[in-house]
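These protein sequence lines map, in sequence, to chains A and B. Taking the working numbering, the leading residue of the first sequence gets 101, the next gets one more, and so forth. Taking the working numbering, the leading residue of the second sequence gets 395, the next gets one more, and so forth.
These are calculated hints, taken from the structure and not from any lab test. For every residue, glycine included, the Cβ atom is placed at its ideal position computed from N, Cα and C. Please note that a few of the clues may not be correct.
[As the list claims (entries may be wrong)] SDA-like, lysine to any residue: derived pairs with alpha carbons at most 25 angstroms apart:
1. Lys604/B to Ile624/B
2. Lys170/A to Arg602/B
3. Lys472/B to Leu503/B
4. Lys472/B to Lys170/A
5. Lys618/B to Thr644/B
6. Lys614/B to Ile624/B
7. Lys614/B to Phe548/B
8. Lys170/A to Gly551/B
9. Lys170/A to Arg312/A
10. Lys170/A to Ser587/B
11. Lys618/B to Lys472/B
12. Lys472/B to Phe548/B
13. Lys170/A to Leu500/B
14. Lys170/A to Val296/A
15. Lys170/A to Leu632/B
16. Lys618/B to Ser587/B
17. Lys472/B to Thr373/A
18. Lys472/B to Gln457/B
19. Lys472/B to Leu260/A
20. Lys170/A to Leu552/B
21. Lys472/B to Leu252/A
22. Lys614/B to Asp596/B
23. Lys614/B to Thr644/B
24. Lys472/B to Ala497/B
25. Lys170/A to Gln595/B
26. Lys170/A to Thr373/A
27. Lys472/B to Thr677/B
28. Lys618/B to Leu500/B
29. Lys618/B to Ile630/B
30. Lys614/B to Ile627/B
31. Lys614/B to Gly551/B
32. Lys604/B to His615/B
33. Lys472/B to Asp591/B
34. Lys170/A to Gly185/A
35. Lys170/A to Ser549/B
36. Lys614/B to Gln595/B
[Stated by the list, open to error] Label pairs and their computed distance ranges (CB to CB):
37. Phe411/B to Thr213/A: 29 to 35 angstroms
38. Ala177/A to Glu478/B: 54 to 60 angstroms
39. Gly231/A to Asn518/B: 44 to 50 angstroms
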Amino acid sequence: MSRAVETAALPLAERPPAVPEWVLLLRRLARRRTALFGAVVVVLVVLTAAAAPWVSPFDPLLQDLENRLKPPMWRDAAGGVHPLGTDHLGRDLLARVVYGARPALLVGFAAVTISGLLGMVVGLLSGYFGGRVDDVLMRLGDVQLAFPFILLAIAVIGVLGPSLGTIIVVIGVSSWVVYARVVRGAVLSLREREFVQAALALGAGDARVLARHILPNAFTPWLVVATLDMARVIVIESALSFLGLGVQPPTPTWGGMLADGRVYISTAWWLATFPGLAILVAVLGINLFGDGLRDTLDPRLKV
Amino acid sequence: MSVYLLRRLLQSLLVLFGVSFVVFAILFLTGDPALVLLPPEASAEDIRRFREAMGFDDPFLVQYGRFLAGAVQGDFGKSIRHGEPAFWLVVERMPATFELAGAALLLALCLAIPAGVVSAVRRNTVLDYLSTVVALLGQSMPTFWLGIMLILIFSVGLNLLPSSGRGDLEHLILPAVTLGLFTTARITRLTRSGMLDVLNQDYIRTARAKGVADPPVVWKHALKNAAIPIVTIVGIELGTLLGGSVITETIFAWPGVGRLSVQAIYNRDYPVVQAAVFLLASTFVIVNLVVDVLYTYLDPRIRLR
Chain A
101 MSRAVETAAL PLAERPPAVP EWVLLLRRLA RRRTALFGAV VVVLVVLTAA AAPWVSPFDP
161 LLQDLENRLK PPMWRDAAGG VHPLGTDHLG RDLLARVVYG ARPALLVGFA AVTISGLLGM
221 VVGLLSGYFG GRVDDVLMRL GDVQLAFPFI LLAIAVIGVL GPSLGTIIVV IGVSSWVVYA
281 RVVRGAVLSL REREFVQAAL ALGAGDARVL ARHILPNAFT PWLVVATLDM ARVIVIESAL
341 SFLGLGVQPP TPTWGGMLAD GRVYISTAWW LATFPGLAIL VAVLGINLFG DGLRDTLDPR
401 LKV
Chain B
395 MSVYLLRRLL QSLLVLFGVS FVVFAILFLT GDPALVLLPP EASAEDIRRF REAMGFDDPF
455 LVQYGRFLAG AVQGDFGKSI RHGEPAFWLV VERMPATFEL AGAALLLALC LAIPAGVVSA
515 VRRNTVLDYL STVVALLGQS MPTFWLGIML ILIFSVGLNL LPSSGRGDLE HLILPAVTLG
575 LFTTARITRL TRSGMLDVLN QDYIRTARAK GVADPPVVWK HALKNAAIPI VTIVGIELGT
635 LLGGSVITET IFAWPGVGRL SVQAIYNRDY PVVQAAVFLL ASTFVIVNLV VDVLYTYLDP
695 RIRLR
């Protein structure tokens, strides 16, 4: 008690400068070269998607049937260079690859938000209340995991009809289990900690303990899972588009372009190569950043 | 031991029950089967009579009960497209899917475990960096793109391997590599981190101190203990492989359950979809049950929990 009084009595100037915790974390994260590289890649992909009209001078939907399947670096009559060539309808491939980042990032971000929130709620309830609640929720998770996910998604989307909203909801609603398990694990150990017991002893209600004391401390593992899950969702979005169940043409999607490219594989290699490279770069960037985030925040986390 | 097994068995049954419910509910809620089953020129009276005869007007739970009673006997109804029992259509295709998933898993284990062990033992050498980079790329590469690129290189470009169909070993190579790469990458990373953990343990130092040579320490003492998380992930990865087979089979025209079910979804052939999802999910549940049982032999501590 007397120590606390002494500390409080110290003049302001003599206290060590307060650096917020998240600044320290960012510094530690930035020291990992691969994580930094991943972050730079992700930022570049996001900027490219946002600034798509300025990155490529061509309209991704403009067809030019006389100039179909032109190879990379082809120069058109007006002198414009198409760095990645044109597709089977004469559309500029670079423009389509650049615009294709938009649905991928949108679906990734929205679906991760939905499944992340769902999983967070389930994990908090399951870990905090335990018993019956925990049993029921975790068995639900087992059922979810037993499904071949892509088949479930195809079945639902095939019946409901493909649209941006359907895809986001289907992916979002069926990906909560990993979040729930990680948050539950964190809550189980947090529940026994002194500061939680103290809050309970002081008469704080369940809702307050969960929101004020447990949630902030369970957030770190959640964030790691969300980052890595974003990469997975982008791959799933392109897989669905590849099967014709994603965002519908003529909107350019990486998976849809790959499906077109597969048809022309023996005559136009660039059609299937570049959209796939775009997916690879985006997903690799997110994975590198996510790995770095995990190693910095919570090295023991197994995700 | 037997209590643990019994509880685990009950859990699996419960999960399968849940799977059957969801499979039925999704397709129940998403459309009128009478409109799909009857020819488009059917009159309203025909549709009404048909619905009554098939029991489509019964309450949800009654219909579900009927579905479940059929499902446990392997009766999912007849395929709308092929007219044969849906269950047998799916079962006929299962060997092809198991062959593909098994080959992919075998490939993954044969590549990943040595790569992960070498990576951990020769930490921060060129070999370690090489295997880490390959694993990272493998984890970030979409299956379907890898498949197309392999076809581009080995079928279109070099004309070495067939790009579609099932038959001899040649046909298996490209699909198995495509399907197995992601799993290879995951198991490599897991083996590496598991081995790094184990190599720092006291009992490894003891073994080395009493003069056990390097290879047995690594391959016997250490790998045996690092194997536990690998066995778990194999069970989970099998789910990834069965699910991933949907896309790989589509790309390589591999006549398995995945391709059948994608076609069935496009044709609105719901009995086949239900049978395929249910059987794939059941396979996954059974494999994981077996893995858990094996597990108790590897790590007796689990039985006591």
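We went through each hint and held it up to the structure:
no.	hint	verdict
1	Lys604/B to Ile624/B	violated, 28 angstroms
2	Lys170/A to Arg602/B	violated, 63 angstroms
3	Lys472/B to Leu503/B	violated, 39 angstroms
4	Lys472/B to Lys170/A	violated, 48 angstroms
5	Lys618/B to Thr644/B	violated, 38 angstroms
6	Lys614/B to Ile624/B	holds, 15 angstroms
7	Lys614/B to Phe548/B	violated, 38 angstroms
8	Lys170/A to Gly551/B	holds, 19 angstroms
9	Lys170/A to Arg312/A	violated, 59 angstroms
10	Lys170/A to Ser587/B	violated, 47 angstroms
11	Lys618/B to Lys472/B	violated, 48 angstroms
12	Lys472/B to Phe548/B	violated, 40 angstroms
13	Lys170/A to Leu500/B	violated, 41 angstroms
14	Lys170/A to Val296/A	violated, 65 angstroms
15	Lys170/A to Leu632/B	violated, 42 angstroms
16	Lys618/B to Ser587/B	holds, 14 angstroms
17	Lys472/B to Thr373/A	violated, 41 angstroms
18	Lys472/B to Gln457/B	holds, 16 angstroms
19	Lys472/B to Leu260/A	holds, 23 angstroms
20	Lys170/A to Leu552/B	holds, 23 angstroms
21	Lys472/B to Leu252/A	holds, 21 angstroms
22	Lys614/B to Asp596/B	holds, 15 angstroms
23	Lys614/B to Thr644/B	violated, 41 angstroms
24	Lys472/B to Ala497/B	violated, 31 angstroms
25	Lys170/A to Gln595/B	violated, 60 angstroms
26	Lys170/A to Thr373/A	holds, 14 angstroms
27	Lys472/B to Thr677/B	holds, 22 angstroms
28	Lys618/B to Leu500/B	holds, 18 angstroms
29	Lys618/B to Ile630/B	holds, 20 angstroms
30	Lys614/B to Ile627/B	holds, 20 angstroms
31	Lys614/B to Gly551/B	violated, 43 angstroms
32	Lys604/B to His615/B	holds, 13 angstroms
33	Lys472/B to Asp591/B	violated, 53 angstroms
34	Lys170/A to Gly185/A	holds, 5 angstroms
35	Lys170/A to Ser549/B	holds, 22 angstroms
36	Lys614/B to Gln595/B	holds, 14 angstroms
37	Phe411/B to Thr213/A: 29 to 35 angstroms	holds, 31 angstroms
38	Ala177/A to Glu478/B: 54 to 60 angstroms	holds, 57 angstroms
39	Gly231/A to Asn518/B: 44 to 50 angstroms	holds, 47 angstroms
In this structure, the earlier hints numbered 1, 2, 3, 4, 5, 7, 9, 10, 11, 12, 13, 14, 15, 17, 23, 24, 25, 31, 33 are contradicted, and the remaining ones agree with it.
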